[in-house]
Amino acid sequence: MIRITLPPHLRKLARIDGEIKIDVVGQVTQRAVLDALEARYPMLCGTIRDHVTQKRRAFVRFFACGEDLSHEAPDAPLPGAVATGAEPFMIVGAIAGG
Amino acid sequence: MSGVRVLVGTRKGAFILTSDAKREKWQVSSPHFAGWEMYHLKGSPADPNRIYASQSSSWFGQIIQRSDDGGKTWHQPGTPPGEPTTAPDGTPKGESNKFVYDTSPETGKPLTTHQFYDGTPRPWEFKRVWHLEPSLTDPDTVYAGVEDAALFRSTDGGKTWHELAGLRGHGSGDKWAPGAGGMCLHTILLDPSNPARIFIAISSAGAFRTDDAGKTWRPINRGLHSQYIPDPTAEIGHCVHRIAFHRSRPDVLFMQKHWDVMRSDNAGDSWQEISGNLPTDFGFAIDVHAHEPNTIYVVPIKSDSEHFPLEGKLRVYRSRSGGNEWEALTKGLPQSDCYVNVLRDAMAVDSLDKCGIYFGTTGGQVYASADSGDTWAPIVRDLPAVVSVEVQTLS
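Taken in sequence, the protein lines are chains A and B.
Residue numbering for the first sequence follows the working numbering, starting at 1 and increasing by one per position.
Residue numbering for the second sequence follows the working numbering, starting at 1 and increasing by one per position.
Watch out, some of these pointers could steer you wrong.
[Said to hold, decoys possible] Covered stretches of chain A, as calculated for chain B (at least 3 residues, CB under 8 angstroms): (1) 8 to 16; (2) 57 to 63; (3) 80 to 87.
Just so you know, the hints here were simulated from the structure itself, not pulled from any lab data.
Just so it is clear, CB atoms sit at the ideal spot from N, CA and C, and this is done for glycine as well.
Can you build the whole structure from these sequences, using the hints too?
Pasting the structure below:
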């Protein structure tokens with residue numbers, strides 16, 4: 001079971017409070033986590049990554065275990081603590097501007 | 001009992017203002033989609049309870065929202081919460097946010113380039129929906145004008161969107177360039193007398209018309225003169241800010257260009273200037289009285305570098321002669337120290353017996369006149385910056 005946190009705008013869009021807990025089949029990667037997230041919450045399609053290219057939107061960041069994973073390859077394994085649910089996979093709106 | 005519903009899009013959410021036909025006492029909703037940029041909301045003429053809204057964010061992209069109960073509740077079309085994530089036929093949901101340029105061999109056009117501000121080529125890239133125009137007859141059909149400039153249509157209530165690629169690909173697309181606000185398709189006029197005819201306008205490419213329901217398009221910019229492009233009378237490159245018509249006379253078009261207020265009496269085939277005695281003919285918004293096809297309204301703005309009213313006086317100008325002769329309407333509007341802007345989609349009219357005129361400002365005020373502009377009063381003063389105003393006249 002993977003834990004995911006969303007920024008407030010996306011929580012409101014998905015009509016959820018707090019953390020999401022979701023099962024991911026197979027290797028736990030960014031792509032697998034986002035596929036599972038969008039399958040359960042289709043209203044989030046296009047808000048985190050582009051509909052067509054599947055690239056992360058420029059102002060969205062991925063953090064976990066105290067590290068910035070935004071620029072990791074989508075199919076690279078996420079840290080073991082994320083895969084076991086010990087740590088959340090954090091989807092964050094980048095801070096831009098003052 | 002008749003009344004009006006004013007749909008206000010702001011930089012930080014949408015607001016719905018309602019009143020009975022007297023238009024004296026108003027109810028202001030709490031914000032819908034708080035924190036999001038709401039570029040435009042518009043109700044279906046065929047079903048006033050059906051409202052479409054464009055919700056966007058530089059962070060999270062484009063969302064389409066729909067209400068089927070007059071704005072009380074909203075959902076993303078095709079993705080109601082709590083339902084299975086695929087339709088019975090197996091197609092995925094979550095498509096209502098998906099605006100993809102059509103490059104298919106059968107219906108689309110190759111995705112080449114347009115021009116950037118400096119004239120260098122840029123590939124087309126979808127950014128946001130500026131304007132939603134519901135069909136005059138079918139609540140499930142709605143058009144979307146987007147940045148980078150293109151026209152999309154949905155025929156399933158906003159669940160899926162398909163580009164009318166003949167516009168972007170009609171031949172001049174590689175010469176289009178962005179205006180200061182981006183390369184946006186911001187005006188969509190559906191001809192009530194001819195379902196095959198649509199007018200659109202793009203900043204800063206100009207105005208275009210289709211006579212075959214969107215398959216083919218041609219520029220309609222003859223007579224426009226713009227000093228800031230290499231050839232001031234070029235077929236393409238004019239920064240059209242807004243076009244309006246009266247539904248009883250759709251061949252007569254009124255345009256607020258970057259500079260110049262213009263009129264066409266032949267569906268855009270040619271234009272002549274009608275700025276007349278306006279104190280400045282720069283501006284964004286323009287609209288037409290609901291019952292007097294020759295009465296038009298503009299809000300003159302000082303210049304393209306100073307986006308606020310002349311002399312700090314907020315004045316709507318009205319022409320009852322279809323242009324050239326203008327009168328300032330000031331009663332109830334601030335006449336000192338006012339430095340707000342009125343954006344292109346931020347003026348609208350109702351169709352009650354005494355036509356109501358409405359506009360919103362970047363200072364967060366929404367002003368209304370229940371007597372065709374003679375007197376004005378603020379409905380609300382302290383909203384976030386207003387991007388768009390639309391009015392529904394309810395019976």
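Structure-based check of all given hints:
no.	hint	result
1	8 to 16	holds (count 6)
2	57 to 63	holds (count 3)
3	80 to 87	violated (count 0)
When the structure is compared with the earlier hints, a violation turns up for hint 3 alone.
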